[in-house]
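For chain A, the structure is supplied; the task is to place chains B, C and D on it using the hints.
Protein chains: 4
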Amino acid sequence: MIIQLEKDISHDQKKKLQEKLETINYKGNEVNTQFGDYIVAVGKKEFDIRSIGTMQGIRDIHRVSDPYKLVSKKWKVNDSIIDLGDGVKIGTGHFPIMAGPCSIESEEQIESTIQHLVDNGIKIMRGGVYKPRSSPYAFRGLGMDGLKKWYQQAKAAGLKIITEVMMVEQIQEMADYIDIFQVGARNSQNFNLLDALGEVDKPVLLKRGISGTIDELLQASEYIFSNGNEKIMLCERGIRSYEKAYRNCFDINAIAILKEKTHLPIISDPSHGIGVRKFVEPVALASIMGGADGIIMEVHQTPEKAFSDGQQTLSYQQAEKTYAKIRKTYALREEFKRM
Amino acid sequence: MIIQLEKDISHDQKKKLQEKLETINYKGNEVNTQFGDYIVAVGKKEFDIRSIGTMQGIRDIHRVSDPYKLVSKKWKVNDSIIDLGDGVKIGTGHFPIMAGPCSIESEEQIESTIQHLVDNGIKIMRGGVYKPRSSPYAFRGLGMDGLKKWYQQAKAAGLKIITEVMMVEQIQEMADYIDIFQVGARNSQNFNLLDALGEVDKPVLLKRGISGTIDELLQASEYIFSNGNEKIMLCERGIRSYEKAYRNCFDINAIAILKEKTHLPIISDPSHGIGVRKFVEPVALASIMGGADGIIMEVHQTPEKAFSDGQQTLSYQQAEKTYAKIRKTYALREEFKRM
Amino acid sequence: MIIQLEKDISHDQKKKLQEKLETINYKGNEVNTQFGDYIVAVGKKEFDIRSIGTMQGIRDIHRVSDPYKLVSKKWKVNDSIIDLGDGVKIGTGHFPIMAGPCSIESEEQIESTIQHLVDNGIKIMRGGVYKPRSSPYAFRGLGMDGLKKWYQQAKAAGLKIITEVMMVEQIQEMADYIDIFQVGARNSQNFNLLDALGEVDKPVLLKRGISGTIDELLQASEYIFSNGNEKIMLCERGIRSYEKAYRNCFDINAIAILKEKTHLPIISDPSHGIGVRKFVEPVALASIMGGADGIIMEVHQTPEKAFSDGQQTLSYQQAEKTYAKIRKTYALREEFKRM
Amino acid sequence: MIIQLEKDISHDQKKKLQEKLETINYKGNEVNTQFGDYIVAVGKKEFDIRSIGTMQGIRDIHRVSDPYKLVSKKWKVNDSIIDLGDGVKIGTGHFPIMAGPCSIESEEQIESTIQHLVDNGIKIMRGGVYKPRSSPYAFRGLGMDGLKKWYQQAKAAGLKIITEVMMVEQIQEMADYIDIFQVGARNSQNFNLLDALGEVDKPVLLKRGISGTIDELLQASEYIFSNGNEKIMLCERGIRSYEKAYRNCFDINAIAILKEKTHLPIISDPSHGIGVRKFVEPVALASIMGGADGIIMEVHQTPEKAFSDGQQTLSYQQAEKTYAKIRKTYALREEFKRM
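Protein chains in written order, with the numbering used here: chain A, 3 to 341; chain B, 3 to 341; chain C, 3 to 341; chain D, 3 to 341.
Accuracy of the hints is not assured; some may be wrong.
Unchecked claim - Listed below are the simulated DSS-like cross-link pairs for lysine-lysine, each with C-alpha atoms no more than 30 Å apart in a straight line:
id : chain 1 : residue 1 : chain 2 : residue 2
1  : A       : K339      : B       : K280
2  : A       : K339      : B       : K78
3  : D       : K280      : D       : K327
4  : D       : K76       : C       : K307
5  : B       : K339      : A       : K327
6  : C       : K29       : C       : K78
7  : C       : K78       : D       : K91
8  : D       : K91       : C       : K280
Simulated from the structure, these hints should not be mistaken for lab results.
It should be emphasised that the depicted structure is a prediction, and the values quoted were computed from it without experimental measurement.
Next comes chain A alone, as it looks inside the complex:
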């Protein structure tokens, strides 16, 4: 049950509400975000929600039976829009492409990528400065030094930055240099990290776990929301399967289902979703028809020389064609709304 509070609810009114919840054996969790104040009440008893809805200081009340609450579409029917400033928005009616290398490797590479993105009208650049790697002996990224150089150039070019954060301690130092925090698949249920990201006013792109369920992804996002940050987008990046013909199994079903279950934007990552360069495009286009609200993909000046993920990274030439098709496919999907 989600109880939306009035901005000016008094301390006394709140106390009465909590007492009321106790009488029906519900536990009320107070949530204060950038956009609103809520009590998320969890319990089992059936009761008439109007008995609470009519109390003073209450703006609205919604029954939400899902294990996730605030991210559910059951109480917030309109899709959430995330505003990055400078006219860059994410969510229904806006369709961002985020592109860039797997890893930030050098200033020269940053420059080249920015030029490519600007030429193609892309506003958000992806790239890793902290890299989760299976082996401790592999390249782990350029860290804050790399991020600061990237930030300068990106800002100059009017680009927004999305990059992965791996631990709580990195949040503060990174916050000034990024526009979107990305949480990787391996940290999809790193609950302390999610808690901490709920306490900053920066958008978060949360990836589905390597074999995460749709429900686990939604509940993970609830951690962020319930700590105070409503600016969340979810990302389908393929799940682990028995099939060896590709890296991950892109779950097109999940996109359709997530669009039904949550008001948060759903971003598609076809690069990890199939993991093979020449098939990134069909998966990207398919995900749009599945309902995705945006695409994040890997591009590199010379994919075969990339420090990581080269096998799934597009060259600029390939990517340009894909961008054009992405835009046309999105346009057709929008047209379908009017059918």
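Quick look at chains B, C and D alone, frame taken from chain A:
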């Protein structure tokens, strides 16, 4: 290695070829189909294929390193087209929709479905008369009686029939009443059935196994081809995964990869691929962008009363909208070819 | 609901029973096996089963809520024992080892294997004469010729034969030469084959599907039972997973759970269950502690030269040590029953 | 390649070694643990390792082709033993049972559990004070307060403590109150946490990821080792599968394979491995025959009232019988070594 033979190759020339293969320790399998005569030679030794290619009676020779041979795109670069007669074709440049109920239930239902299909310009009707069911106590289909009634009405309306065959003994009795034999997921590696279907001159739609790999599907189709029947299409219908939010996990990656590996048409089954009515449409549209050559889907006058699979079956009203979007999506994909 | 009938129930009494079932909207399926006569009644209505139990001609009545009925432990609490004759039994209190090559390859190989089995006190020999192979160009087995030669030698040595049957047509010709029909993983839901095996009076070992669920396995065995054959054992042989370090993922959980759900004997196949020779032994021993009623495993005189599955096949020397440990582990498990 | 250094290697000798590595294009990572000093050199070139082995200051050198190095059995053939003090050891020749509740709930519960463990000769108590929960609204554990109370009682009773650590910041405050840090499945690839655990001199039990591969688990443990901590044990706790009859699929194969690949002790967690109380015992016993070096399991005074995981938790009465069987099964496995 695939050796295409001349139509008029002499007995002597064939013998010399087999002797030649023996000298390099290859086993030659003779294959005679509706469209050609081949020797599929399997062995390990490296050798100069020109030494065979220049022999008399040989039309062409191709090295194919895949475990499947005749269905590989490595020797037959142009996509195969299956001609059902009366202008109904399947394969690149033609995009069939096949629709109908899960089970054929009654004459009245057949009539109603046919009317719906004719109204919507659909030429191929699906429906089961032999149903594979997990439980021996469930409805198993109307059998040959149902098929014969269906055939009469379909023929009168100019519709083609696709229906599932479950065992070798059914092939002969069914052959006169159907246009496409469907092999279900549970029989995807029923090799005796595949062998037998290779010996009839009827198109076969072969579904991927419940957790079949892409390679297993291609090798299963090689059984049909190598027994003499080139008229094969492959069908992606979702694979089994840990996720409980849907029935099967539609493998969009498989469609893109199959289009690269084989010249056979790839059909998408979004109804089984997600198993939830309201998400059939986005999965159908996505699969087109993934590269599918056609769609097979379940429709029913009153899905909630269907004998089987009602939860994933569209009503006529829903289906009509979906057909329109399918056609527009396919048109856009065709347009992409010219980009 | 399972209604056990008296042997001498009259036609009239049966008719009254069916009429009674109709009044409560249940469908009654008559089942006549080697050991008993039953009506399996399927329906949804709650009612007092005593109202049927007290009718004439009824021996006993049991409510079984599982989707499978006759194979459930809910009505038959005592484990089933399968008697192969000559003192060879399968089921609680008897622990058979079945061993032999993947494929029957030659008379010499049969002879050598039989000697090995006799030396080690093993009574049941496994081996394939019809082999399901992913590729149509692979070795498919020696067929009936091989089986007949094998039969002669096995009979002379007092060994029982278990071998795979792949299609309905093979059942009759094989029946005189085998002691147990094996249904392979790929045919685990070949319902026509299961139906037909229900009509012969020969034991059947039914393998779990490649990614079959426990419930599907039980329902598949219900096909055999409900067609008249109670002599069924189920076999865990590993399921498909994402892990690449082994061939299949042996599902130890399934053994424990199957022992709880069904009265049928559960056989463990560690050879396919892990697919790597040196780990067959620990998996075999583990499966005994998990609750298995017997082991089926691959042995070969020279595993590295076996026509198929050599990588998971034990040599005679290795196998001898494993047999000894199997027997000691089983003895300990029996001892646990008295704790 | 692992280069074991002499304790007294000089700065100059080290420099020469690094220069040598550079000439063959290897990257040398220096590792200093509680027990030794190593250079882990990663590269691709083939060369004669004796050319390094004979340099001064080098104790030994080993080629290790696995992606993990220091945890591989290829250089350290003898199994590692972890000594917790007071005669409590983990590793070949010692077979610890670790038991206790899922969550530490109250002083009374701690007391009761300790009594149960002491009565049964169990030396290591498990329990969670920081709980990873799918939902942010679920019970998250008693935290440091709970740990401190537990520590006092456990120390008084002579018991060792194993409990989960979830984030880097918790390590220091927990270190004085625990004997083994547990890393849960969701943090199995939380590389920052693993790095930090490599820097403390406390044993770590690392659980396999929810759908982690065997290789990923080994590489994750390499993070801990390469940061300086050799006291690591790995834990199989079941993987995610499509089967719905249990919570996780206990991977018995993984135990056998891990024992072959690494010198680290392998602990089995049958409670999570199947997730159903009545099947915990057979899975526990099976895992011993599979090769496990110890068992960790959940027990509770009143499982049905446990704050978490009650459905897979044994009562004291049940657990006592299981302990006895565990010990007898382990004794038989030890006996097998002498066969």
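K91(D) paired with K280(C) [C-alpha distance capped at 30 Å]: holds, 28 Å
Are K339(A) and K280(B) close enough, with their CA atoms no more than 30 Å apart? holds, 15 Å
Taking only the CA atoms, is the gap from K78(C) to K91(D) under or equal to 30 Å? Distance ~47 Å between K78(C) and K91(D) Cα, so the pair is violated.
Run the distance test for K339(A) versus K78(B): straight-line Cα separation, threshold 30 Å. Judged against 30 Å, a Cα distance of about 41 Å means the pair is violated.
Straight-line alpha-carbon gap K339(B) to K327(A), limit 30 Å: With Cα atoms ~10 Å apart, K339(B) and K327(A) stay inside 30 Å; holds.
Checking one constraint from the list: CA of K280(D) to CA of K327(D), max 30 Å. Satisfied? holds, 15 Å
Does the alpha-carbon distance linking K29(C) and K78(C) stay inside the 30 Å limit? Given pair K29(C), K78(C) holds - Cα atoms ~21 Å apart, limit 30 Å.
Holds or violated: K76(D) with K307(C), Cα cutoff 30 Å? holds, 28 Å
Hints 2, 7 from the earlier list are contradicted by this structure; the remaining hints agree with it.
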